[in-house]
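Each chain is listed here by its residues.
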Amino acid sequence: MAYFALLLLTQSPVVSEFLAKFMVAYAILNILVQIGFSFIVEKNPRIVLESTIFLSALYIFFVISYFGGPTGFWFPLVYILIIGSFFYRKLWGFTSGVISILYVIAYSVIMSNLSINTAFVEALPIIFAILISIIGGYLLNNRVESIQQNENKLTKVADKLTTQQSQEHAVLTAIADGVYAVDMERNLVLLNKAAQGLVSWDEKDAIGIKCWTVMKLKNQDDISVCEKDCPAMKVWNTGEAVFRTDTCFANKKSHKKIQLSSSYAPIKDYSGKMVGAICVFRDITREKELERLRNEFVSTASHELRTPITATEGYLSIVTDSGMCKPDTKSVEFIGKARTTLLNMSKLIKNLLAVTKIEEGKLETTITNFSIHDLVVEVISVFKKQAETKGITLALSESKTLATGTKKAVGRSLNVRADQEMLREVVNNLIENAIKFTDKGGVNISIDYDDEFATVNIEDTGMGMPADAQKHLFEKFYRVDNTATREVGGTGLGLYITRSIIETFGGRIWVESTQGKGSTFHFTVPLALD
Amino acid sequence: MTKIMIVEDDPTLRDIYITRFDAEGYNVVSAIDGEAALSTAVKEQPDLILLDIMMPKISGFDVLDILRATPETKDTKIIVMSALSQTADIEKGKSLGANAYLVKSQVTLSEVVEKVKAVLNQK
Chain E
1 MAYFALLLLT QSPVVSEFLA KFMVAYAILN ILVQIGFSFI VEKNPRIVLE STIFLSALYI
61 FFVISYFGGP TGFWFPLVYI LIIGSFFYRK LWGFTSGVIS ILYVIAYSVI MSNLSINTAF
121 VEALPIIFAI LISIIGGYLL NNRVESIQQN ENKLTKVADK LTTQQSQEHA VLTAIADGVY
181 AVDMERNLVL LNKAAQGLVS WDEKDAIGIK CWTVMKLKNQ DDISVCEKDC PAMKVWNTGE
241 AVFRTDTCFA NKKSHKKIQL SSSYAPIKDY SGKMVGAICV FRDITREKEL ERLRNEFVST
301 ASHELRTPIT ATEGYLSIVT DSGMCKPDTK SVEFIGKART TLLNMSKLIK NLLAVTKIEE
361 GKLETTITNF SIHDLVVEVI SVFKKQAETK GITLALSESK TLATGTKKAV GRSLNVRADQ
421 EMLREVVNNL IENAIKFTDK GGVNISIDYD DEFATVNIED TGMGMPADAQ KHLFEKFYRV
481 DNTATREVGG TGLGLYITRS IIETFGGRIW VESTQGKGST FHFTVPLALD
Chain C
1001 MTKIMIVEDD PTLRDIYITR FDAEGYNVVS AIDGEAALST AVKEQPDLIL LDIMMPKISG
1061 FDVLDILRAT PETKDTKIIV MSALSQTADI EKGKSLGANA YLVKSQVTLS EVVEKVKAVL
1121 NQK
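If you read the sequences in order, they're chains E and C.
According to my numbering, the first sequence is numbered sequentially starting from 1.
According to my numbering, the second sequence is numbered sequentially starting from 1001.
Hints are not guaranteed to be accurate.
[Stated by the list, open to error] For lysine-lysine, the following DSSO-like pairs were computed, each having C-alpha atoms within a straight-line distance of at most 27 Å:
#, chain 1, residue 1, chain 2, residue 2
1, E, K268, E, K337
2, C, K1092, E, K326
3, C, K1117, E, K362
4, C, K1003, E, K350
5, C, K1003, E, K347
6, E, K160, E, K216
7, E, K390, E, K326
8, E, K337, C, K1077
9, E, K385, C, K1074
10, E, K253, E, K218
11, C, K1077, E, K350
12, E, K350, C, K1043
13, E, K337, C, K1057
14, E, K362, C, K1074
15, C, K1104, E, K362
16, E, K256, E, K193
17, E, K326, E, K228
18, E, K350, C, K1074
19, E, K357, C, K1092
20, E, K253, E, K330
21, C, K1117, E, K357
22, C, K1077, C, K1117
23, C, K1094, E, K326
24, C, K1074, C, K1117
25, E, K326, C, K1057
26, E, K273, E, K210
27, C, K1092, C, K1077
28, E, K330, E, K347
29, E, K347, C, K1115
30, E, K257, E, K362
31, E, K436, E, K384
32, E, K204, E, K268
33, E, K216, E, K330
34, E, K471, E, K517
To be clear, the hints were calculated from the coordinates, so they are not data collected in a lab.
Every value quoted in this text rests on a predicted model; they were computed, and no experiment measured them.
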């Protein structure tokens, strides 16, 4: 208020020019002192600026008045003042607008001694101009405010994203399993802390480069899988998750081999398009080592068991075969039963050994070309007597060559390519089973040939098996749950080994069965290419 | 009486072989490892040697090699007995001069006796 009073006073002719000049000088000095003070007291430059402008605004009127009032050269400063005020706050804008209008009217009243109404009318053009500035300023303020609002919104969203990112990062860092992800070009886009530790690569070095430079995945034969057997590629081809327990890599620093159990999945964007693949893996070196030791133990134990069996069998054979002893009929009979039992025990041990070899992937094979037909004939002759004793038939029926429409050279060999002794095992096992489970009717074997495989079918009219059993039949330790079969015996390993053998040579084995009617086992062997 | 030498490091197996061949009427001598086998073979001059492959210190293949290189034993009948059934090993045995190769896990004692008789009858 004092300022206004002073302001108006300077306009009054009563006040001398000197006083007026003094007051302007005083005003300017005041502003400078205030600014200085603000700087010292309020460290925030924004507040300093604001208070400076506020003070200056007041003194602008002094300047304007001194230099000619509303019609003077400096009056347009008012417009700037109004618009400037709007820049900060609407209230300031309106206030300065109103003050400006009042000033103009007051000036006219005082200087020209007009009545308020007249002064108002006289000053209308200027008032109009002031109003325009007010409107302009108001619009400007709206603009500024909406920009401010957008900025705030963006800041909020950015904050939220940062929080989320931090959360995700925190989760990934906390996971004990390794996680890595690649884009469609197999560049690494993610490598979490655990993964970094396992491969001994820093995130900043690894991200962006090709995945096979960092994750040098190899299979159990120490050959790189990245070119032909990449799990990420498989994921993209099938669209499904892939699980592997056969990969390993060497740590960059220690060169230690680390065995992995890993699962791969595709990464899709919101529209369902594939944009990458993600892998979660863990170190199973210890588990694999334990498994290997267990396998080795079973293998060693099986070997060790052979010797006492051989010795027992040897002594029994001395009693009955050597002529050194003179056993009576009963002794011979019982010893015979003991020897059969030993034979079974021996078979079981052989199976156990075979299983350990299969598990280790160390099944030794001698691959030759041979006639599957002749092999089957040989095995049938071994079981002929057993079938006769049981009163069932055992026969090999005519082979069929299935026409597949492709021209083949005449005289094409119908030999198969596999390990002959192992195939003998397979046929042996299947025929033995067929006879075991058949009490009436018989066992019929047939062989079909197509372009690539020979398919052997072993059909029996035995007790068959339920659908549930068919599903699990070829699994390790599976035995059909049936009191009748309990009597017949079995370890549950035979079919597992049979399947492993067939699959090693690239064939398939499956069964069709109706409970009470019979079963048919089928298996395929690849034909020899000669 | 035909003399047979059993070379086998496992005592249980060695016992049963000796007992059985004794019962069959052969004169049986034995050795528990490769070194003993070589010296006993020269000393006793058996008609046939049953030679185990998996032995400590020297392997049966080396023994076979040396036996065939030694004038006193170069023509002795030798049957190699092994737990190994790999074709490569069987070939090795034959190429080093064994008269026959038997895989322990695939033959019964009676079958071994048959083989011994058959090899002894070969000329």
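Among the hints numbered above, which are violated by the structure, and what are their numbers in rising order? 1, 2, 3, 4, 5, 6, 7, 8, 9, 11, 12, 13, 14, 17, 18, 20, 21, 23, 25 and 33
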